[in-house]
Each structure stands twice: as structure tokens, then as C-alpha cells.
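Work the whole structure out from these sequences, hints included.
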Amino acid sequence: MRQPQLVKIVARKFRASIALLSTVACCASAQSAELPLQYNRDIHPILLENCFSCHGADSASRQADLRLDRREVAVDKKAIKPGDPDASEMIRRILSDDADEQMPPPVTKKKLTSAEKQTLARWIKEGANYEPHWSLIAPVRSPVPKIGNSWWVRNPIDSFVAARLEEAGLAPAPEADRRTLCRRVSLDLTGLPPKPELVEEFANDNDSDAYEHLVDKLLSSPKWGEHRGRYWLDAARYADTHGIHFDNYREMWSYRDWVIKAFNANMPFDEFTIENLAGDLLPNATLDQRLGSGFNRCNITTNEGGAIPEEYAVLYTRDRVETTSKVWMGLTAGCAVCHDHKFDPLSQKEFYQLAAFFNNTTQSPMDGNIQNTPPIVTVPLAADEKRWSEVAKEIPVAKGVMDARRNEARPAFDEWLAKAKPEDVAAEVPTADLDFLAPLDDDSNTIHYTLLGKPQTAKLPKTVEWRPGHVSAKAAYLNQGAVLTDKTVGDYDAKQPFSYAAWVKLPANDASGSVLARMDDRRDYRGWDMWVEGRRIGGHFIDSWPQNAMKIMTRDQLPADQWVHVAITYDGGSKAAGVHIFINGQPQPTNVIADALTGTLKNSVPFKIGQRNTTSPMSGATIQDVRVYSRQLSESEVASLAKLSLSAVVATPPEKRNEADLNSLYDWWLTTIDDSYRALSKNHETLVREQADIQARSTSGYVMQDKPDKAVAYILNRGEYDQRKDEVAPATPAFLPSFADDLPRNRLGLAKWLLRPENPLTARVTVNRFWSEVFGNGLVKTAGDFGVTGDLPCNQELLDWLAVDFRESGWDIKRLFKMMVMSATYRQSSITTPEKLEKDGENRLLSRGPRFRMDAEMVRDYALSASGLLSEKIGGPSVKPYQPPGVWEAVAMIGSNTRDYKQDTGDALYRRSMYTFWKRAAPPASMDVFNAPTREVCTMVRERTNTPLQALVTLNDPQFVEAARHLAQQAIEARQNTDRRINFIADRLIGRSLHPEELTIVRDTLKKFEAHYNASPDDASKLVTDGESKSDAKVPVPQLAAWTMVTNELMNLDEVLNK
Amino acid sequence: MNPFEEFRQNVTRRHFLSAGSHLLGTAALASLAPNALAAAATSPAAGLPKSLTHFAPKAKQVIYLHMVGGPPQQDLYDYKPVMDGWFDKDLPESVRMGQRLTTMTSGQARFPIAPSKYKFEQCGQSGMWVSEILPYMKKMVDDVVFIRSMHTDAINHEPAITLMQTGNQVTGRPCLGAWSSYGLGSLNENLPTFVVMVAKSTNTEQVQAISARLWSSGFLPGQHAGVSFRTAGDPILYINDPPGVSRDVRRASLDGVNALNELNFKQLHDPQTETRIQQYEMAYRMQSSVPDLTDIASEPESTYKMYGDAAKQPGTFANTALLARRMVERGVRFVQIYHNNWDTHGNVAGRLPMQCADVDQPCHALVQDLKQRGLLDETLVIWGGEFGRTVYSQGGLSHQNYGRDHHPRCFTMWMTGGGFKRGTILGETDDFSYNITKDPVHVRDFHATVLNQLGFDHDRFTYKYLGLDQKLTGVIPARVVHEVLS
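Chains A and B, in that order, are what the protein sequence lines are. Using our numbering, you'd call the opening residue of the first sequence number 164 and step up by one each time. Using our numbering, you'd call the opening residue of the second sequence number 1395 and step up by one each time.
Treat the hints with caution; some may be incorrect.
[Unchecked claim] Pairs of lysine-lysine, BS3-like flavour, derived with a Cα cap of 27 angstroms:
hint, chain 1, residue 1, chain 2, residue 2
1, B, K1858, A, K512
2, B, K1858, A, K1002
3, A, K272, B, K1483
4, B, K1513, B, K1483
5, A, K288, A, K274
6, A, K280, B, K1858
7, A, K981, A, K1043
8, B, K1765, A, K272
9, A, K274, B, K1858
10, B, K1452, A, K625
11, A, K273, B, K1858
12, B, K1511, A, K625
13, B, K1660, A, K1002
14, A, K637, B, K1483
15, B, K1660, A, K1170
16, A, K765, A, K658
17, B, K1660, A, K1171
Hints listed in this document are in silico derivations from the structure and should not be mistaken for laboratory results.
Now the structure itself:
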């Protein structure tokens, strides 16, 4: 639970006033009166709460030019006269009763207690000594304290902890029994409960190193990397969708695999840092190193129609600065987006200097709603790796041969041209299988077109007008309606290859609509179309949208207000790879938005030029020469269509032909007439196709990639993207160690700067985060805020010792965890007492072992693992286990490819929760209830609430009920006796057998369950069929049902849900 | 003897590491009174939390009807007869004044004006002009206050709806419902404090994204997040017992869980264990309350006369409106309903009448229903979108049909109940329904006003986060719009 800030402040004030009272009372605690006040501990909290918002670091809100956070300013401005409170203006003002003079001003509604006033006065009397903020002084290896009870100490952690406990007059808790300890350490190192055999083995291992052996065994388990990686993914804000608006699928699970692999290899944290922040910038970066840089690609992105790219570019950079600051420096840099940080010494300028490190990306702000938003890398299957790199070399060679032919064939072309007639060019335009041709050049109230070779006419609709054309004088201008409607054209099945093409001129807006369509938009959008969206063009091939459909769009935008020829060819194979889009005869790079067509395209609505059957009119576009072929046109045929106007070039007298037209004609000639070029081109095409096929089987990795330009950013007035002020270059904040000259001014330099020994934050923030994974809270509770508003460390000496030790160990993560779990501190039982609750309510002093409700993923994995359902597979694409219907649909846009949750089957239902598909707009439902974050931004501390909705999950969610049934069945099969059955289940759920008192309770409920299910066999069959897996037919159904409920009961114990 | 030393002697006496032993209590623990520890448990269910109000609230509960996509104000409420003479003429630059546009239309060569094709009628004592496609609203203009001068900063849906709900364009802050839950606490022990329902629109041509982040608790404690109340399957996720588990079986299993947890508590004394026992009990009560809440078959036929037959169909706006009334009756503090598909970039004529038909009668019914039950005085009802729409047409324009792009500079909302004036109109816009000419109300002013009615001074209703006193209305000054309050 979040501790209200107020409590913290009161606590600090309490400390301060104790100190003060003691001087007055002059009694038992006279000792503390002799100790001078400490700025960070005693004074800073008072000033922070009451004074700094007007007299602090933020220049914008500063009053009277007075800073009380800087001694020299405060003294210079006469607010403080060291040694003389009576002559200090600050003291005069805080003691004043005059509303005009009083500080803090009454209007702020802040009020100093008299104890606080006296503390401030005493501090000035003692010399008004300031201290730098604790976290900004580089940690030194604190001396291990000498304590009275050294017998308790197992490693240095314990000395630091014991010193605090002795100070507080508290004793530690006894060491937890072996079974409890085995369960705890297994959960901490692998995220999973131990197998009963492991518990048994450890409980009976009399070797003095038994515990260490257990720890080593767990540290070497591949589950270790999954478990550590799971925490890291919160910091990295990893998810499987883009996050904003369409919230479409983002294919970047290769980063998750990379993280797991890194932890399992015990990659030192410095290397891990460098690859996360700048793997792409390492010299000769390997594929793996580049994948690490996916860290900065995990942020949420948009492709909302109408969005202004620059606005989002600024937001992404901002997110990257905030995330990096939080994760490595524990700084809440976001405050400085709009103004100087109110409390920490981070200026607005410095924020944008940090932003400059991240502001040089080649990434487009619009994610395209596609699964692979560049910059990306291809991660081929292991089997393809060899061919993948070979093909990459062969393609340029093949291209080179083509180019050579292009260079040498010009004389042959000139010879051909000398004799060519315009019809030679026109004759190359394909006519076979031309189902439909509408030139749309009529310029009259009647439209002429050809249907299956027969001339037809139609009446011009009122919405259409004739405007200047391109391949002929006039063309049809579309305005909220269709030009032409025909029932016969294009009623193709998905197995039918076909092609369609037209000359179009698009308006300069991001509107969307159908240029051509035979689509039943009232019935799941069945059919096909030529579709425009954000001035990209492509097509839909739909049985029912979006689950049974293909959608392919050009990657690049079409020019506005220019004529282009668009052709789409389809091979009838129901795969996006069989759809090609050509602009002006050139095949285009495309984005595949949907590729799941298995059904048909056939429908009963007419073909329409200018819209779908009832919706999506393409307004403001001009169109002519619409063609539909009932076969797949070849690339050269498409080229001929697009070069229709080239017949005019041939017709032009030679002296009047211009160079550009001639070059176009030459391109056409090479691809259409010249046999040798066509052969070479075919070879090239084969290689390109092979490359495409390998790519289709591979996955992608999202990576960072910088532009070659110098990185810059702009200070933005109030953080507004369109209010640029000064340009700034990459630099690090002045209050931190300087950025050495030998470091490059890019992300790689930044990463290395973070890792320098003089950097006060990185090692501290990192060990603190790891500490919190084990002990539930960090030594600094605000793990993402080490700034002046963050919590003070509850044991700074320990934190500093750990930080230095970690860095000097070579940033060895497994070593750090081993030290933590080997400590006596960790091994304590979690028994608490009223005294400890009072003096150490949150266990900050570590007067007992860690006990807290497990994270969402662990709660689910626990049930799966204990019941034997858990899949052992590591890594791979995300999966979709049980989720109630409608969770995604309720929020997703129609057309989002993460709208319909299609539950997986088999093994995929039982994977570890870190593999569950994470849709940002609707995070995994049962985990959401247990405080799993949305992964929209970096999360350093998860909340840990205790709510009725959580009870409903573990009681009723089919994945828990199925797991209970699975475990119940094993118990029934393995044991005959009731008590032994119960303990079979208990061994797996809590790692111990039940006490007699507990057994009595369970036996009693078992009787009730048996009575019910024997009397209501229908209920019993319903219960044992919840979930996909089948139960053993040999076990009587009522018996299985009753035991399922017993297991469900035990699975809901506080002891199960807590670590 | 010092505690550490005492402990040492205990450890020597007892062998805690011996195999098989489990959590033996120490001598000191034997005398422990469990109840004293239980009292230390912190729990929302352990008694209702105290409200943090600064003064007596006028509104106890809120029903917020959000029209996702941004309804076109000039086709519904902001009557602009002068525009009839401007058909297909360009929007004067003197009106637009260089305002940024979305990239949907910023490339358009022209900004031709599309007058509303709908007929308006002046209604009620207040003389509010209402469009012909809102026949029910015409009958209740005197029950509500219209603000025709709402304005916002964002021009795209995601940032605009986030601003409307959380006071900031960037995600991550608590929404109005979460703030209300945090500040006012719960009115009942069996149902969530803050409920969210997503209604289905009849037409789905241009449905916009909404996401769970809109009802998140942001930096407020997690229990203040909205609980999604679903229209298909379990109304609240996992509220129903598994198939084949009767209430008796569930009761027996909970008794078992609780008894075992009590034993565990006696050994470890973790206050969270006691909290858990209470939460399991609350879950059980919630399981019983929800079916009663959703049992709309018990409503008399007169209810369906008011709300329309659509109210019988789960998931319709009418159905959620009826459920909202039943929730308010049962003490749900804040009900948020989203109705989608108001994003009329094109085909206003084809779509808007269907959108209005979805909500017009149910809104009327909800207000009348609350009134007749004496609930309207204490229940604030809010209707509105995240921004308005442009007077100029996006895409093609004809007298029969047109499209409208997003417009942040003015839009219309209405409110009633909870101490708001009734039969009043605030704010005026220019002839183009483009700029506000009188009484502008920014989103943050709207938030300040709602908080005021809930008993909060928006400047003092804060939560400490990142060292700052965070508030719904943010750092730019906001004002309570007293003109609309009675």
C-alpha cells in the first residue's frame, strides 16, 4: 500500500521535534541535543514542504529572487544569518503574526508548527549548514558497522541491518523453517514454487552448505532469467501493441527473449545497460546487441488519423528521457518538461539536453498501425540464418548485372525506337482476361465502359463532375458518391487470381475511402477494394473483417494532387505475400496490416467506382482508366499499363522528345521488349522473393537507429511541441559528474557516462530495484525517485555498501542476489509482533522476513506450476490464455487487429504469464486486477492492493479452477487416505503439510462438498469440465468435483497468495 | 535484557532450523491478542473511508455520459441560421486565424462551409434551439443547463478524451471518477464505487478508440480505478462462481478459507491477512448484489416505455442508462458511460440521426426517471464529447451531405441535477460556431465546477505525487462556473 506522504512528513517532523524537545527538557535524551541538526534529515523536509515551491530550484515560480535551497543565495539575500537566528529575515518572517509578512503566506495554506519554527532557528544558530542531497554524493563503501550481536551475522548485509535493529531496540525474527525458506527463495529466484521433491530434499539435507546448494541450483535454473526479466519488462514498458488509438499488434517479442537470455547468461549490468541504451551504436554491433536497443522502442506510439507528427515525436523523446532517468538515475525528469524542476536541480534546458541524446532517430512518429514499424531488424529462424546472409549478398550482385545490361542496351533501344510506332507501345497493354474497362473520359452525361468485351453505358450520377485528365482530356472527379455501379464485375472467390488498376489523383488530406470496391460493408465488409488511407493506397480482401481478412497498404505516401497509376495484383493464394501493389509500374514496399484470409470474397453487392457499397466514399479524388482483370498481371504488364502515355512519346518527333520521357520509355522497353534484361530481372526477382520468404518466416526486432546528422533538441516553451526556443546539443545535467571528453555525444556515450564510478546514482538505483524485488520495498521506497522529493533511504549505509560492492564486483547480478538471499536478514521468519508493527510497521528496518502478496504473474504462474499444468517452454511469441469474452472488444476500434481476442489452445494456455499477450488498451484482465501495469510508461514500483476483485479472480477464473481440478485429480490418484490427499495438495501449494487443526477444517468442508456433488451430479460435471483440459474418466465425477473445490479453497489461502 | 539478547537465548533454546517444524511461536507471541493486530489492518472494506470534502456537496453521485468522437455542435445545439447563406463559401481566414488543423484536413485546398442540413426549433422557457433529430431533448430543455462555449486544447481524439477525463492530454493521471472515489469514498459495501460502462452504438462506421487508461486511478491508490461493468458475460469480471458451484458450496469454501486464514494470522500476525479475510467477504456480498442490480426484468413495463425497448437489449445506450439509474439507487458513487461513433468526418447525414436515436430518448428517460424518484437533486448528470466539429466540410460537400473535422475551439455540453441550474443556456459562439464570443468554459473550468458540486475546492483537492500537490485541474488557473449553478 502506498504510504500517504503526510505520514512520512509527520514522521520527519516528529523526529525533528523530538530533537528539539530534548534540548528543552534536558532529560534522558540529552545526547541528541548535543548532536547538531542535520540538514538532510532535519531541515530539508521542512523547507521542502513549506518553502521551496516559491524559494526553490524552479526559476519560473521563484519569488523575490530568493532561494532557500542554496546557502549562498539565502545568506546573500539576508534571509539567513548563520549563527544568528534573530538577525535572520527568514526567522523574523516565520514568527511574524502580520498576514502581509508572515511566511509561508497564509494564502498558501501551509503552516509551520512551533516545533518546526524552533528547529529552523536552532539550525541557523548552529551555523545553517547545508548538505548536498544525499543521492547526489557518490556512494563510498561504508564501513561495516560493529554490532553487539555479531553471532547473528551471516554477511555484511546483516551487520547493517542489525545495527539499525539494535538502535530501535528490536530483535530480528527467528530463522524461518526450511520448508518456508525453500518456498521463499524459490519464488524469489525463479518466480515459481519449489517442487515438493526439492522441498523434501532440502528439508532433509544435513550438509552445512545445504542452503547454499539450493540457492546455487535455483540461480542456474533458466526460470531465473524469466523471473528477473519479468521485472525488467515493467521498467522497459514492454507490451505487444502500439498503445494509442488503433492499438495494433507490435511484433517485438524478440526483445523479451533478449532480456531473458541476458539474465540467464548473467550479463553484467554495465553491459546490459549499454546494450539496452545503445546496442545499435556499438562498433560492428551484432544482431543480439542491436536487439537490446529495443528498450527504447518499447514506448507507446500512435497512428491516429489527424495526429500531428511533430507533437508525437516530442512525446516519444520525452518518454525516453523520463524512462532512462527513472531506470538508471532514479530521477523524475518529467517535471522539467515545462519548467525547471521544482525541487531537484534539473533545469528545463538540461532536460532538453538529455532529450537531444534521443532526438536523432530515423523512426517516423506515425507507427503506421503495422506490426513492424521501422527501424527494425529481421530475426531469421535458426535454419534460415545462413541463407539469409547469403541472399543479402547475392541480390546486389544480381542487381549489378541488370544495371550493366541497362548500360549496354541503349543502342538496341535506339534502333528499336527509330522504327517504332505508337501502336507498338499500346499493343503491349494487356487485353486478355480484361473483365472490365472504364476509361472515364466521357465528358458527358453518359459513361461508356466495356464489360467482358461488350460495350455498355451508364448514366452519370449527379455527384460526379468531369475535370482535366491525364491519359485523356477528361477524368471523373469523385464527390461523396459512386461514378459507376455494376453488378457483374469482380465477384471473385478468394482462390481466383485477379488484378485491378486505375489512374488516380488524390487530394492533399489524410481522408480515407475506397477508389474501387466490390464490398458488402453491411456484412462484415466481405469483398475487395482499392483503399486509400492517409494517402497510402492498398487493398482489402475480406471474408469477415478483421479476423478473416487481408489488408495490404503501401509503406510510403502517394504525392498529393498528382496523377499516379495504381495497380494491385493478387495470385489467388489467400496470403498477403501474393498481393503486389504497383505505383507507376514500380512494385512498392508494403505494410501488411492483416494476413488471415481463409474464407471467400464472394458477395451479392455491386462493384462500385468511388466507394464501397454503402460507405467510405473517396471524396476529392480524380480517376480514369479503371481496369479489372481476372488474372494476375505480371510486373511487365503492369509497367505497360502505367506507361500508357508513352505511346505519346513514340508519336512525338524525335527532336521534340525530352530526356525524362525517353528514360521512362527505355525502362518500359527493358522490362517489356528486351529478352536479356527480362531474364536478368527474373533472376533478381527470384532472389528478392526468396529473401521475402525467409523474412515472412522470421520475426522482427525493434531497434534504435540514429540519423547521421548532429543530434539536437529544442527547449520547448511549457513543453509545447510548436513553441521552440533555443536549440541545444546532447549534454548531461550539471549537478551530476561531467560528461568526459572521451565519450561520444550520443546514447553510447550517455550509457558509459551512467556507468562511471563517480556517477552517484546508477549503482544505487539498480541495487535498490533488485533489493525491492526480494524484500518488497526498496531501501529507498520510491525506487523511481531518488530526488529530493523521494523517500530517504531507510538504511543508506547498507545501500551505499551494496552499490559500491555491486559495481566493484563487475556489476554481477547473480552474485548480488546470492548475497541477499544468503543473508540472515532474508532468512528470518515473517512472524510479526505488536511491538514490531508499531516500531516497524512496514518492515523497513527488516525486523522480520519479507512477506507480501505476489505480483499478478506470480499468482497465476503459481497455480499453474503447483498443479503441474505449467508449460516449460521458454521464449517465443506472446500467447492468449483464458480471458473472459469482450475485454478487448469493449475498448478496441473496429478495424484494430487486437479487437478480437482469439483464445489459444493447448500448451499456449499454460505458458508463464510473462508471455501473455499484453494489449495496452486492455491489459490481461486477471492480471490487471492484481495491479499489473498497463505498460504505457515505465513502472518502477507496482502497487500492491488487496481487493475483493482479486478474490473473485482466484476463486472463479477458469485458469485457477482448472488448475485446482488438475491438482485434485493427481491427489486422488496418488493417495487413498483423505488426510494424505489433503497434504498432497498442501505440499504443492504451501510446501508443507497441514497441522491437525487445519486438517479438521479442510475435512469439514470436504464433507460439505461431497454431500453437494453426490446429490447434484450435474453440478459436478459442470465444474470438472471448466477449462480446456480433460479430466481422467476413471475418477468419479462427484469425487473430483469435491476435491476440486478443496483445492480451490487451499489455493485461495493467504499463505499461497503471499510470498 | 535487551531484545536482541533475549532473542538470542530463545534461538538457542529452540531449534528453528529443524526440519518439519513450522512457525513455532515465541513466548512473547503466545500472549498476543489477535484483535489488536486486526485493528491495524488497513482496508477499504473495513468501514467506509471518511470523505475529504471541503464543504457540503450538492451532488452525491454522478452519471457522466461521454459521446466518444465529438458530436457536431452545429447540427445539434449551436444553431447558426446565418450559415445557410454561406453554403460552399470558404471559411474566412479572419475566423480561422491560423488555428492548427488536424492532418485530416490541413492539406485541403478549400474549407467550404457546410451549413447544418437540420431544422432547428426554439424550445421551452429557456428558448434553447434544438435540432430536429433530438425530439426528446426538445421536451426537456428546461431540465438542463447548456454550455455552448466549452473549449479544449487538443485536436485529436486520444489527447482530447484523455484531457476531458483526466485533466491532462498525456496519459497517466487519475480520471474524474477516480478523483471522486478518492475524495468521497464509497456509499455502499457491496458494489464498486466507480463503475464504467461502454455502450454499443447502432452504427459503427467511425468508432473511436477508448482504453482502460481512461478510467485508471493514475497516481491515486489502485482501488479508485473504475470497475468495468460489462454488457456481455459476467457484468463484473469473474463475479460469477464457476459452473457447478452453488452459493452454498461457495459459502462453505469461503468459511474454510477464512478459518484457515485466521489460523495463519494467529501464527504470523500479518494485518494484511485480516484484510484479505474481509475482502473475501466483500467479494461474496458483491456476488449477491450484482445479480440484483442487473435484474432489469423486474422493471415494470412503464420503464421501457420511458427508455425505449432498446433498454432490454444488453449493451445498448438505453440499457446502460437504465443500469446507471439502478446503480445510483444502490449507492454507486460515479457511473461513467461511453457511447461511441460520433466522429463524423464524413456522411453526417447518414450517421448522425442514428447516433441521436441511440441516446436521445434514453437521456430524456434517465433525467425524468431520476427526477420522479427524487434522485436528480443529488445526482449530477453530464452529457458531452471531447471536442466539437468544424463548420467547414471535410471531403465532399453537398446540401444533402457533408463531413466535419475535429474542432477544439467550441462545443456544447449539457448538465443537470447536483445543484446545477435548469433551463439555462451559457455561452455564445460566432456565426460560424468556430470561436467563442461569450463566457468561454475550458475543460479545467468544467472540472473545477464539477468538483465544486461534489464538495471540493479544486485548488485544495490535491494528492501528493512526485513532491507536488497534484490536482485534477492542473497548474493553469481554473474557475468554478458559478453562472450555471443554482
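Outcome of the hint check:
| no. | hint | in the structure |
| --- | --- | --- |
| 1 | B:K1858 to A:K512 | holds, 25 angstroms |
| 2 | B:K1858 to A:K1002 | holds, 25 angstroms |
| 3 | A:K272 to B:K1483 | violated, 55 angstroms |
| 4 | B:K1513 to B:K1483 | holds, 20 angstroms |
| 5 | A:K288 to A:K274 | holds, 22 angstroms |
| 6 | A:K280 to B:K1858 | holds, 23 angstroms |
| 7 | A:K981 to A:K1043 | violated, 34 angstroms |
| 8 | B:K1765 to A:K272 | violated, 40 angstroms |
| 9 | A:K274 to B:K1858 | holds, 17 angstroms |
| 10 | B:K1452 to A:K625 | violated, 57 angstroms |
| 11 | A:K273 to B:K1858 | holds, 14 angstroms |
| 12 | B:K1511 to A:K625 | holds, 19 angstroms |
| 13 | B:K1660 to A:K1002 | holds, 20 angstroms |
| 14 | A:K637 to B:K1483 | holds, 26 angstroms |
| 15 | B:K1660 to A:K1170 | holds, 25 angstroms |
| 16 | A:K765 to A:K658 | holds, 10 angstroms |
| 17 | B:K1660 to A:K1171 | holds, 25 angstroms |
Going down the numbered hints, you'll see the structure goes against 3, 7, 8, 10, while the others check out.
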